[in-house]
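We have chain F; now place chain Z onto it with these hints.
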Amino acid sequence: MRARIAVLALLGALVLMPYLWMVAASVKPVSEIFRASLSIWPEQFAAAENYGKVLARVPVLHYLWNGVVVCGGILLFQLLFAVPAGYALAKLRFPGRGIAFGAVMLGLLVPPHVPALPLYVAASGMGLLDSYTALIAPFTISAFAIFLFRQFFSALPDDLLHAARLDGMGEWSIVWRVVLPNAWPAATAFAIFSVVSHWNDLFWPLIVVQGHEHATPALGVLYFRSEEAGDDFGAMMAAAVLMTLPLVLAFLLAQRRFVEGIATTGLKG
Amino acid sequence: MAGITITGVVKGFGATPVLRGVSLAVEPGEFVALVGPSGCGKTTLMRIIAGIETADAGEIVINERAVTRLRPAERDIAMVFQSYALYPHLTVRENIAVPLAMRRLSVLERLPLLGRLLPGARRKRASIGDEVRRAAAPLGLEPLLDRRPGQLSGGQRQRVALARAVVRRPAAFLMDEPLSNLDAALRVQTRREIVDIHRAAGVATLYVTHDQAEALTMADKVAVMMGGELLQVATPEAIYADPADLRVAGFIGSPRINTLAAEADAEGRVRVAGVPAGLRAEACGALTLALRPEALRPAAKGLPVAIEHLEFLGDGLLLHARHVPDGAALVARLEPEAREGLQPGAALRLGFAPGRALLFGADGRRVAARADAGLVPA
Chain F
814 MRARIAVLAL
824 LGALVLMPYL
834 WMVAASVKPV
844 SEIFRASLSI
854 WPEQFAAAEN
864 YGKVLARVPV
874 LHYLWNGVVV
884 CGGILLFQLL
894 FAVPAGYALA
904 KLRFPGRGIA
914 FGAVMLGLLV
924 PPHVPALPLY
934 VAASGMGLLD
944 SYTALIAPFT
954 ISAFAIFLFR
964 QFFSALPDDL
974 LHAARLDGMG
984 EWSIVWRVVL
994 PNAWPAATAF
1004 AIFSVVSHWN
1014 DLFWPLIVVQ
1024 GHEHATPALG
1034 VLYFRSEEAG
1044 DDFGAMMAAA
1054 VLMTLPLVLA
1064 FLLAQRRFVE
1074 GIATTGLKG
Chain Z
14 MAGITITGVV
24 KGFGATPVLR
34 GVSLAVEPGE
44 FVALVGPSGC
54 GKTTLMRIIA
64 GIETADAGEI
74 VINERAVTRL
84 RPAERDIAMV
94 FQSYALYPHL
104 TVRENIAVPL
114 AMRRLSVLER
124 LPLLGRLLPG
134 ARRKRASIGD
144 EVRRAAAPLG
154 LEPLLDRRPG
164 QLSGGQRQRV
174 ALARAVVRRP
184 AAFLMDEPLS
194 NLDAALRVQT
204 RREIVDIHRA
214 AGVATLYVTH
224 DQAEALTMAD
234 KVAVMMGGEL
244 LQVATPEAIY
254 ADPADLRVAG
264 FIGSPRINTL
274 AAEADAEGRV
284 RVAGVPAGLR
294 AEACGALTLA
304 LRPEALRPAA
314 KGLPVAIEHL
324 EFLGDGLLLH
334 ARHVPDGAAL
344 VARLEPEARE
354 GLQPGAALRL
364 GFAPGRALLF
374 GADGRRVAAR
384 ADAGLVPA
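Chains as they are written, first to last, in the numbering used here: chain F, 814 to 1082; chain Z, 14 to 391.
Calculated directly from the structure, the hints in this document are not laboratory data.
Check the hints yourself; a few may be wrong.
Unchecked claim - Okay, the calculated beta carbon distance ranges per label pair:
| id | chain 1 | residue 1 | chain 2 | residue 2 | range |
| --- | --- | --- | --- | --- | --- |
| 1 | F | Pro-872 | Z | Gly-142 | 43 to 53 Å |
| 2 | Z | Glu-155 | F | Pro-872 | 24 to 34 Å |
| 3 | Z | Leu-124 | F | Ser-844 | 53 to 63 Å |
| 4 | F | Arg-1069 | Z | Glu-107 | 41 to 51 Å |
| 5 | F | Ala-929 | Z | Leu-124 | 35 to 45 Å |
| 6 | F | Arg-1069 | Z | Glu-324 | 49 to 59 Å |
| 7 | F | Leu-889 | Z | Ser-119 | 17 to 27 Å |
| 8 | F | Met-918 | Z | Ala-150 | 33 to 43 Å |
| 9 | Z | Leu-83 | F | Pro-872 | 55 to 65 Å |
Note that beta-carbon positions come from the ideal geometry of N, C-alpha and C, so glycine has one too.
Next up, chain F with everything else stripped away, as it sits in the complex (with noise of 0.2 Å):
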């Protein structure tokens, strides 16, 4: 017992050592980042130095608004969109289901770098580039999200939506008033996800945005280096603390669910 917790610890620790670094050397001055010897503890505080430039030089609250909108968007919709899909697919009986589902299925062997370019030709057509609906719109509809939810639903008995329609709900209300609720695991699992990987996306923000104003964190991290920074490891790396500080605490706050919602759908990543 204790030897497996010394490894658990052990992994943990190489696992978390990046980031410690990275916060480590967002409070230390160049000077002691690029010396010789390794610690963790500076021995001078810069950190004051280091995040005044980047707040300075930088609208970080705004990337991070910006973060909080398109990740917000693109969860809210792909939800909208993949609960009704997904229970369609698991629960109701209609023709093509069958042919519907296997493009679902199809569509997550797709990589999202496939579409970037025709969708890059759609909202440059549009007069779409650099908004907020060409970062959220291509991500809306995710194949991921319908399979997930509907391999979930798929295990709710037939018996609760029978009682549910016999006591006066119609299909919608069985959606959002029945399933949903019982699929709380599944639907933070995913939203964990989703959040998670659009929040660190550079590859589609990089393609449909120029300049700050619709600049996601990530985004925003490349901007600081490359405008900014120079070889400012310090401030560089205080950017980047900053630009993931929500998702931590967003984990850290939300820890527990988290935890469940991914052992109860067996979506260890």
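Only chain Z this time, still in chain F's reference frame:
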């Protein structure tokens, strides 16, 4: 007052016929138990009445209203499911309130926070709350109203499901094996409660079960279903004492009814293994003589049997024996005092009163019979 009438309901799954033209009437205020072995189509019939399944043919009338093409919610019925089908995310109070809330509150009024602010919603919610308490009180659910189904025992969940069915005052109750997930002691107690609920509500109730004891003890009328057909619909007493079909006689009653091969000559005199049985049938040819275990008793004249073993039940004694001429197994239910002098292996004669003998033709249908000279003492 309301009743359920179904006429000529046919249903097949693929090539397999499940219901072959079933017609049944549940009168207003009547409790009808639909009983049959697993897979006989009884649950399918109930689902068709509820509107969860659609029939291939046939008509359903509830409360003098043709509902065959209406959605489940529009049929004004409440159903209790075998699995209870409670909403796991809602408290007991909310579970019971759902059927009322869905009918009385508008879409806007049902919204989580905003809905409470709308004029009128508060008053409607208060009246729903009162009715929930009124439905929950007789079932002893008041202390549990704020728990969730996951925190309740099976019996408590069952009562919540009953309260949810009662609260709406539907035109008819449908109950699909509601007691089969309860332990034996609780089952007997809940039987009583369901009958009380039915009496208090006074509406037509159709109760599906595979347990003949439930059907006989609870129902005003028992409908026996096998192979997608209704074989007989009658009072529990008539189903037991006067079955119309050999399959009904065999399904109802425990221990199972005894059957012996018999034949009737041209004049209808019935013989069992060549010996006159004291009966005259209104048919001739091969017949089946059926006798309830309690109709048999040791007698000077009767069926020759060899005793196999005895089972003491406390309030009775089961005598397992073999009919000597053809080896057919027979069970007789005797008084416990009759044990004296009965030994496994011993020979015995089992007589019966001609009035308690049931005769069935080769097609399984009942054949009328009357007493005649023969095996039994005159």
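33 to 43 Å as the expected CB spacing between Z/Ala-150 and F/Met-918, which holds or is violated
violated (52 Å)
Do Z/Leu-83 and F/Pro-872 keep their Cβ atoms within the hinted range of 55 to 65 Å?
holds (60 Å)
Tell me if the beta carbons of Z/Glu-155 and F/Pro-872 are separated by a distance inside 24 to 34 Å.
Violated, at about 58 Å.
Taking 35 to 45 Å as the hint, is the beta-carbon distance of F/Ala-929 and Z/Leu-124 inside that range?
The hinted range 35 to 45 Å holds for F/Ala-929 and Z/Leu-124, with Cβ atoms some 39 Å apart.
So does F/Leu-889 sit 17 to 27 Å from Z/Ser-119, Cβ to Cβ?
holds (25 Å)
Are F/Arg-1069 and Z/Glu-324 spaced within 49 to 59 Å by their CB atoms?
holds (57 Å)
Distance restraint hint 43 to 53 Å, applied to the beta-carbon atoms of F/Pro-872 and Z/Gly-142
Taking Cβ atoms as reference, F/Pro-872 and Z/Gly-142 lie about 51 Å apart, which means the hint holds.
Outcome for the supplied range 41 to 51 Å, where the beta carbon pair is F/Arg-1069 and Z/Glu-107:
violated (24 Å)
53 to 63 Å was suggested as the range; check whether the CB atoms of Z/Leu-124 and F/Ser-844 agree with it.
Holds, since Z/Leu-124 and F/Ser-844 (Cβ atoms, about 59 Å apart) stay within the stated range.
In this structure, the earlier hints numbered 2, 4, 8 are contradicted, and the remaining ones agree with it.
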